[in-house]
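Trainee: As a plain string of letters, each chain reads:
4 protein chains.
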Amino acid sequence: MEGTTSRTLDHPLVPGASSAIEKGPWHYGADYVTVYFDGDPARLSKLVPRPFRVADGRCIAYVCEIVSVGDSGREMVASDPDRTVYHEAAVGVRCFHHLRGGVYFPVMWVTTEWSLLRGLLNGYQKRLADKISLTKLHPLNPGLEPIAPGMKLGGFCVKGSQRTLSLRVTVTKAGIPSDLPTFGITFGRRVFPRTDESQGVVQEAVEILKSNSRTSDVWLGEGSVETTLPVGEPKAATGAVYRAGFTISGSRVLP
Amino acid sequence: MEGTTSRTLDHPLVPGASSAIEKGPWHYGADYVTVYFDGDPARLSKLVPRPFRVADGRCIAYVCEIVSVGDSGREMVASDPDRTVYHEAAVGVRCFHHLRGGVYFPVMWVTTEWSLLRGLLNGYQKRLADKISLTKLHPLNPGLEPIAPGMKLGGFCVKGSQRTLSLRVTVTKAGIPSDLPTFGITFGRRVFPRTDESQGVVQEAVEILKSNSRTSDVWLGEGSVETTLPVGEPKAATGAVYRAGFTISGSRVLP
Amino acid sequence: MEGTTSRTLDHPLVPGASSAIEKGPWHYGADYVTVYFDGDPARLSKLVPRPFRVADGRCIAYVCEIVSVGDSGREMVASDPDRTVYHEAAVGVRCFHHLRGGVYFPVMWVTTEWSLLRGLLNGYQKRLADKISLTKLHPLNPGLEPIAPGMKLGGFCVKGSQRTLSLRVTVTKAGIPSDLPTFGITFGRRVFPRTDESQGVVQEAVEILKSNSRTSDVWLGEGSVETTLPVGEPKAATGAVYRAGFTISGSRVLP
Amino acid sequence: MEGTTSRTLDHPLVPGASSAIEKGPWHYGADYVTVYFDGDPARLSKLVPRPFRVADGRCIAYVCEIVSVGDSGREMVASDPDRTVYHEAAVGVRCFHHLRGGVYFPVMWVTTEWSLLRGLLNGYQKRLADKISLTKLHPLNPGLEPIAPGMKLGGFCVKGSQRTLSLRVTVTKAGIPSDLPTFGITFGRRVFPRTDESQGVVQEAVEILKSNSRTSDVWLGEGSVETTLPVGEPKAATGAVYRAGFTISGSRVLP
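Chains as they are written, first to last, in the working numbering: chain A, 1 to 255; chain B, 1 to 255; chain C, 1 to 255; chain D, 1 to 255.
Calculated directly from the structure, the hints in this document are not laboratory data.
Worth double-checking, as some hints may not be accurate.
Remember, identical chains collapse to one label, so a pair may be satisfied in a single copy or spanning two.
[Unchecked claim] Derived lysine-lysine pairs resembling BS3-like cross-links, with alpha carbons at most 30 Å apart:
1. K235 - K46
2. K210 - K136
3. K23 - K235
4. K136 - K173
5. K46 - K23
6. K23 - K131
7. K173 - K152
8. K152 - K131
9. K136 - K152
10. K136 - K46
11. K210 - K173
12. K23 - K152
Can you make the complete structure from the sequences, with help from the hints?
Mentor: Structure representation (structure tokens):
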């Protein structure tokens, strides 16, 4: 246990030196393979709980690799590198909360305990994947070219016996961050239900508190997506590849 | 997603067909390699939060394989067998809550998402292990003898770069269920903290609601234990091997 | 390394205390979920290399859990239990070598390094799976019944982004070992190719040397199978569940 | 199976579309955390088989992430990304073969089937690890600084219940590729032993055929290493961080 010097052992869900979750804010740097598409609003509405309303069917699906550290635990990249890298795959749906637009992720698959639990605490509908993999290039690999028009990239997520998400992008041109579709704020739900009537519960619609956003290395192209999520037949799919960074400090209960 | 026929997608923590947790009660059948030992009460007190008090230093450590099903999802042993088998390793400390004796597990490592989240919901301090392994015998293996005095069994748990728990038992004689030390009821904590002041919290000391307990195939012997948990030097270690079954319906908040 | 006391470090493929493979003979005890079916002989012939000839299209597919020890390393069930348990999934095709009948497995997926390399050494076409899972029952689980007519069992294998094999069996009656179809001896190929003209090669058709076979706990029933292997549409599928044990001492080159 | 369109299913070890190994040459791009140290020549000599002789005790230990493609399978970075990325950890010993200097790796741990089998085919003493992890930075992560003097990096390898290798590097200054110690050519052994007297064998001392080498992003510093390999007490350890690329076309039998 990392927490042998702390006065007491932290509960796994209470951010701390000996728990599963580092103290926030939490910083992220990620490499994305993304497909934007239109799903069937009627089907999507079954994936999006109240108080959120499906907007127009616009969706985002991505697979990414993330380097993440807690604000007070940056040295973990050296001491516990497996606590600072994970893979994530998700499908997000454009939604409204009253008049505010945003994105709600019915499910977000991740590959580590700490990203699973940290996400659940902040309001993401996280699940643990068995495998998430995506295209990775390396500038010194003699057999690989740098990213350029015509290059294909892809990624997938496997959970149990199912490939829950699979993406393909064929790059057609370089882009800039403002070329990427925006979805507004990120909605979520913090839920901790009871297993007995004596227990308390948490059930809150929240806005994820994101800051410090930056994006680079944008490439645009064609995209395709397959998912076991019932989103309807994906239409008007476009693809993108980019790097992004941001900070999450927690989440605020929506009024 | 299993939940394509449900009206909406369940939140990962809300027991249901498309969530990470089946609806309870939950039934368990397990094969254990266990070591009972005396730890250092002063050190143990740092592993046991209020309102629990360390009793006399008596501890239990085990590694086991568990077959588990939700009450309404027994067919998952065929359709989703990976959702019905997991491995678990834990260290428990004999404690009191007021005048009632029981066992509190400062940490319980498991190998699947659903056992992790189900346990957190019920009040176990669960963590996800990278690997848990224990002795398994097979009656038709021509190279193996049935369990008998002199046989050695063992198990271990690895998380990250650490072997967090390692057990060895040398069987000396057959036993009966009443030979096994008892610890009383099982204590726990249901905790879901906030990441922003606007959020609600759950923080409850609970008693796990266990029933239907049965034990068989008991063997007794010598034991040894190594753990990264700061329990002090383990003393008076004895070992046991057995099978057990039980049902957990949830957990009740302690008065 | 286990081999710190050996005079030199063994090569990973040379059976020994510090290699990936224990010294043989190797003993096995396994629990099977199996489906027998008829494939398309024309398609199967592309899965079966010379000198083997497809017989009549009869095939076997199974998923199993195996406890295995080397003859001189039985204590590893306690010291290194992860070196004694693995999962395996395979499809076998009834074949002839000259006039002798047997079974050839175009591919056999396993979950551990040592079963992968030991199998390749003996002539199995082994591949490493990402996950293999199958129905496991437990007599003390209060939510589970013992196996009986009407019970469904199943298993699957995942490699990369694909579910390469999936089986379902519905038990209809108890059986005896002689109820199970027999396939004769087990054929294989030991192959170690060159990556440069200066190198030697091994390319041998072999018979796996199996002995000590025993079978128990046989149940018969209906079966279904899905696989990414191009076997044609499976027909006349029947299912079986059983336990078996055997010893493999190596493999003999076929004349 | 990827090989459904090939005429026959490739043997797992025969490079081909449906085997575990892509056709070579194989191209590599890697990010390294490395420690150079002096081991005990007497102990090292037990890790280095004839015809190689330990030189002066100089050793290299590294942990890295590798992007690798076969010459004819570059599109797999998109279609099968899990077949193009792996992690590797190794300890190498400076050796002589007659008068030629080089490096021999008594063991090289990797995280995927294809890197394991490809390596064994070429003459590396590869083993499958359970987990290999190393420091990864991301330029857009708001909580991380670029690499600079004072930064700590690290990595580790876990196999079974053991942390077989653990490295720490504290960067002190930028460097250039020629600052890195050189070890000469890479020695290896291609070994495929028999399990029966009727079988053939391969047992060859080889030189790995490496070309296209390039290195960049070199940083130098202090290092420390812990390993379960019996190398003696590591002395005079220095550290380095760098990226490198190369091509391996196979291996040539040494005269």
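Trainee: Look at each hint and say if it fits the structure.
Mentor: Structure-based check of each hint:
For a Cα distance limit of 30 Å, the shortest separation of K235 from K46 inside one copy, 18 Å, qualifies, whereas the shortest one across copies, 39 Å, does not. For a Cα distance limit of 30 Å, the shortest separation of K210 from K136 qualifies both inside one copy, at 26 Å, and across copies, at 22 Å. Taking the shortest alpha-carbon separations for K23 and K235, neither the intra-copy value of 41 Å nor the inter-copy value of 36 Å comes in at or below 30 Å. For the homomeric pair K136 and K173, the shortest alpha-carbon distances inside one copy (18 Å) and between copies (28 Å) are both at most 30 Å.
For the identical chains of this complex, K46 and K23 are inter-copy neighbours only, at 20 Å across copies versus 34 Å inside a copy, given an alpha-carbon limit of 30 Å. Taking identical chains as interchangeable, the C-alpha atoms of K23 and K131 lie at most 30 Å apart whether they share a chain (26 Å) or sit on different chains (25 Å). Only within a single protomer do K173 and K152 lie at most 30 Å apart by alpha-carbon distance; the minimum there is 12 Å, versus 38 Å between protomers. Taking CA atoms no more than 30 Å apart as the test, K152 paired with K131 passes in both settings, with 21 Å inside one copy and 28 Å between copies.
Taking identical chains as interchangeable, the C-alpha atoms of K136 and K152 lie at most 30 Å apart whether they share a chain (11 Å) or sit on different chains (25 Å). Taking the shortest alpha-carbon separations for K136 and K46, neither the intra-copy value of 34 Å nor the inter-copy value of 34 Å comes in at or below 30 Å. When the C-alpha separation of K210 and K173 is checked against a cutoff of 30 Å, the pair qualifies only within one copy, where the shortest distance is 29 Å, while the shortest distance between copies is 35 Å. When the C-alpha separation of K23 and K152 is checked against a cutoff of 30 Å, the pair qualifies only between copies, where the shortest distance is 21 Å, while the shortest distance within a copy is 38 Å.
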